[in-house]
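Q: Take a look at the letters that make up each chain.
2 protein chains.
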Amino acid sequence: MLSSGGQGRLARRDFLGGLALGAGGLVAQAAEPLAARMPDSMKTLGGADLPYGQPSHHEQRVQRQLSSAAGFAVWRTPLQTQRGIITPSGLHFAVHHNGLPDIAPEQHVLMVHGLVHKPLRFDLQRLMRYPMVSRVHFLECAGNSAANALSPLPVKQTLGEIAGEVSCSEWTGVPLSYLLHEAGLREGAQWVVAEGADGGSHSRSLPLQALLKDAMVALYQNGERLRPSQGYPMRLFMPGWEGNVNVKWLHRLEVTDAPAHTKDESGLYTQVLADGRIERFAFHMDVKSVITHPSGQQTMPEPRGFFEIAGLAWSGHGRIARVDVSADGGRSWMTAQLHGPALDRAFTRFTLPWRWDGRKAVLMSRATDEHGRTQPLRSAWKSRYASHSFNHYNAVQAWGIDADGRVENVYA
Amino acid sequence: MLSSGGQGRLARRDFLGGLALGAGGLVAQAAEPLAARMPDSMKTLGGADLPYGQPSHHEQRVQRQLSSAAGFAVWRTPLQTQRGIITPSGLHFAVHHNGLPDIAPEQHVLMVHGLVHKPLRFDLQRLMRYPMVSRVHFLECAGNSAANALSPLPVKQTLGEIAGEVSCSEWTGVPLSYLLHEAGLREGAQWVVAEGADGGSHSRSLPLQALLKDAMVALYQNGERLRPSQGYPMRLFMPGWEGNVNVKWLHRLEVTDAPAHTKDESGLYTQVLADGRIERFAFHMDVKSVITHPSGQQTMPEPRGFFEIAGLAWSGHGRIARVDVSADGGRSWMTAQLHGPALDRAFTRFTLPWRWDGRKAVLMSRATDEHGRTQPLRSAWKSRYASHSFNHYNAVQAWGIDADGRVENVYA
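Heads up: the sequence lines are chains E and R, in that order. Quick note on our numbering: the first sequence kicks off at 1 and runs consecutively. Quick note on our numbering: the second sequence kicks off at 1 and runs consecutively.
Hints listed in this document are in silico derivations from the structure and should not be mistaken for laboratory results. Heads up, a few of these hints could be off.
To be verified - If you only want the chain R side, here are some residues facing chain E, beta carbon under 7 Å, derived:
{"#": "1", "residue": "Val27"}
{"#": "2", "residue": "Gln82"}
{"#": "3", "residue": "Pro105"}
{"#": "4", "residue": "Leu115"}
{"#": "5", "residue": "Asp357"}
{"#": "6", "residue": "Gly358"}
{"#": "7", "residue": "Arg359"}
{"#": "8", "residue": "Tyr385"}
Here the structure is a predicted model, which means the values were calculated and not measured. Where a beta carbon is used, it is the ideal one built from N, C-alpha and C, also for glycine.
Starting from the given sequences, assemble the full structure and let the hints guide the process.
A: Okay, structure coming up:
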């Protein structure tokens with residue numbers, strides 16, 4: 001049991017009992033006023049709907065957060081507003097190195113060439129005839145949570161602003177192996193250089209064997225064609241690997257015997273270790289979790305009482321096996337409930353009923369995947385890398401709650 | 001094996017081999033022209049993104065189809081454009097009896113009263129503190145595919161126009177049992193009358209025990225707050241049951257000892273059987289499937305050759321166990337591949353590689369759920385009901401393909 005400050009774990013039954021004791025539904029009057037039984041919306045015919053529906057105008061504040069520097073735009077998912085595991089496509093995070101190309105689908109071509117017996121070109125009509133697979137996977141930018149890695153003092157921001165470069169969707173596309181096998185791999189084929197049709201020809205070298213096993217050319221996201229910011233009309237998708245290798249606006253796959261050391265992989269997406277060596281081609285995003293409710297810049301809805309802690313966990317290596325939660329800054333931990341379906345390399349929801357006694361508390365979550373990989377504390381993560389490194393930050397996220405109920409990012 | 005007309009099932013390997021023999025990628029020139037390697041989008045900086053992303057303007061034709069009669073609006077999902085199992089929220093089907101109310105969330109109240117010890121009122125802030133669950137479920141209107149039930153000749157429409165009153169989303173909300181238990185059920189409690197805050201106070205009586213087991217007050221759909229057309233700020237959600245009982249804009253739950261026989265259940269959603277008796281309170285949507293690719297009003301992309309048949313299956317009673325596909329109007333059947341995750345009362349994808357010989361063909365799919373329930377042929381369904389009955393139509397959907405490759409709705 002959690003011992004500090006009486007911030008104990010509670011069974012669901014206790015949670016509901018607690019709500020009934022004052023924090024739950026308000027007791028109605030014996031005779032409800034007529035106005036309560038007949039709100040205005042029941043007295044008039046409603047308005048018209050749209051052919052393509054939109055969120056309520058009452059929810060306009062739920063948007064992606066933009067940060068932009070020298071043409072480099074980062075749109076972050078407001079994870080603190082998300083429930084469930086699917087991120088709405090309109091709120092999916094996106095990083096654009098060179099803006100958003102507008103590509104007419106009938107003019108787009110995907111080339112497969114290099115160390116193949118038969119170089120091939122695919123237009124969309126051809127590609128659409130191939131067998132497709134659908135899979136729910138998270139996607140995370142290598143640089144997600146960079147502020148926690150770099151800032152000496154914890155930034156006072158929302159969860160989305162801190163760690164919103166991760167989202168989860170159902171992706172549908174053609175397994176890349178079909179296209180590569182049709183082209184016919186020649187001896188010596190070991191890598192594939194994937195290039196996007198954007199203004200900076202974003203390109204990455206990826207090991208062939210891993211692509212043959214897991215990669216798809218994604219055409220759909222959450223049941224409809226990819227959004228422009230996700231690479232319309234097509235992107236590479238490699239489950240569990242850092243976002244930028246999932247090349248958007250994909251138009252060229254060149255099979256090679258060695259990595260190309262493109263600007264995007266030799267510069268931006270390498271990382272300096274603490275001993276000065278360079279980590280290259282570190283593709284997998286590691287196990288990670290965040291508490292979404294409550295989280296940074298929120299205020300607890302009551303001065304004390306019963307709350308459900310809820311969060312998201314994911315791992316680029318497989319399924320989430322377990323999430324532990326602390327309410328006392330890591331001195332004691334309780335295992336949270338995982339909600340199904342706990343899919344491979346996808347968001348997994350966890351919850352834990354909790355009673356807040358109104359005193360200072362520090363909430364933390366620590367996920368462990370099916371391979372036993374678990375999240376380090378910030379200090380352990382920092383000790384592995386040079387002080388200016390920030391990619392692949394997966395340390396435990398901590399939220400401090402002060403006596404006024406204010407929730408803020410803290411290091412613990 | 002399918003025998004008629006050589007329209008045989010194929011292994012995936014054959015499918016790809018077939019594509020490689022002429023229907024797949026086009027062989028590229030030894031030296032690709034520079035224009036192919038450098039499309040215009042690679043020569044300029046791209047445009048700006050939006051805080052709430054939208055589909056590509058090249059996809060504007062992908063919309064819901066509206067039919068409307070006397071204030072009764074039906075928006076149908078274009079299932080023929082969907083891949084995967086998640087329907088984008090903007091394309092989710094909706095039936096509005098009385099237009100779309102615009103409800104300010106801070107003014108909305110949910111009342112729980114009737115045969116309870118303590119009548120309760122919940123505003124959104126209170127309700128949001130309760131433990132929530134997330135589940136992927138289909139939702140289908142009782143009247144889906146009505147034209148197939150009623151029209152003596154098959155209507156020549158798209159799949160969405162014919163059978164698009166069904167969609168599938170991840171729904172998140174508070175289990176209704178929490179609220180009912182908090183209010184305290186009194187002796188004699190057997191039914192719950194759920195009422196919406198729309199202009200017609202849409203209301204349905206539902207059996208209490210089933211609600212306690214499965215119902216939620218849904219607040220989120222696909223990771224964000226409900227869309228207005230799905231009942232913002234809250235709706236009842238009862239997995240597998242006909243759409244209209246999932247009362248939108250939910251504002252009142254009255255616990256009773258008997259059904260209220262509201263206008264919506266005594267009139268619209270009863271059904272006359274062949275012998276003249278009336279079927280009431282038939283809540284479950286039965287097992288059903290549709291081939292989405294190819295489907296009505298489409299044209300086969302090549303005069304003959306290899307195609308992947310793809311479709312969706314669902315059952316209001318549980319999981320899909322099996323889907324059989326025929327290419328010869330039901331004379332022979334082959335078992336399709338089911339794609340995971342095969343969730344309870346959710347869309348399940350099925351596919352079957354197929355070689356079309358260019359002659360007339362009739363494609364059909366027949367789903368079977370984990371309880372052994374399977375789809376009837378149209379004639380069998382019609383024989384059960386009066387000739388003017390159309391609710392709960394779940395007969396096998398057939399698509400005729402003519403020698404020109406035109407795909408049309410047929411009865412088989």
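Q: The structure should be examined with respect to each hint, and the outcome stated for every one.
A: Results for each hint:
Because the smallest distance between the Cβ of Val27 of chain R and any Cβ of chain E comes to about 6 Å, under 7 Å, the interface hint for this residue holds. Hint status for Gln82 of chain R: holds, given a least beta-carbon distance of 5 Å to chain E, under 7 Å. The closest approach between the C-beta of Pro105 of chain R and any C-beta of chain E is roughly 5 Å, which is under the 7 Å cut-off, so the hint is satisfied. Taken as an interface hint, Leu115 of chain R does not check out: its beta carbon lies about 14 Å from the nearest beta carbon of chain E, beyond 7 Å.
Below 7 Å, beta-carbon pairs count as interface contacts, and Asp357 of chain R has none with chain E, the closest being about 16 Å; its hint is therefore violated. A cut of 7 Å between beta carbons decides the hint on Gly358 of chain R: the least distance to chain E is about 16 Å, and the hint is violated. A cut of 7 Å between beta carbons decides the hint on Arg359 of chain R: the least distance to chain E is about 19 Å, and the hint is violated. Against a cut-off of 7 Å between C-beta atoms, the interface hint on Tyr385 of chain R is violated, since the closest Cβ of chain E lies about 30 Å away.
In this structure, the earlier hints numbered 4, 5, 6, 7, 8 are contradicted, and the remaining ones agree with it.
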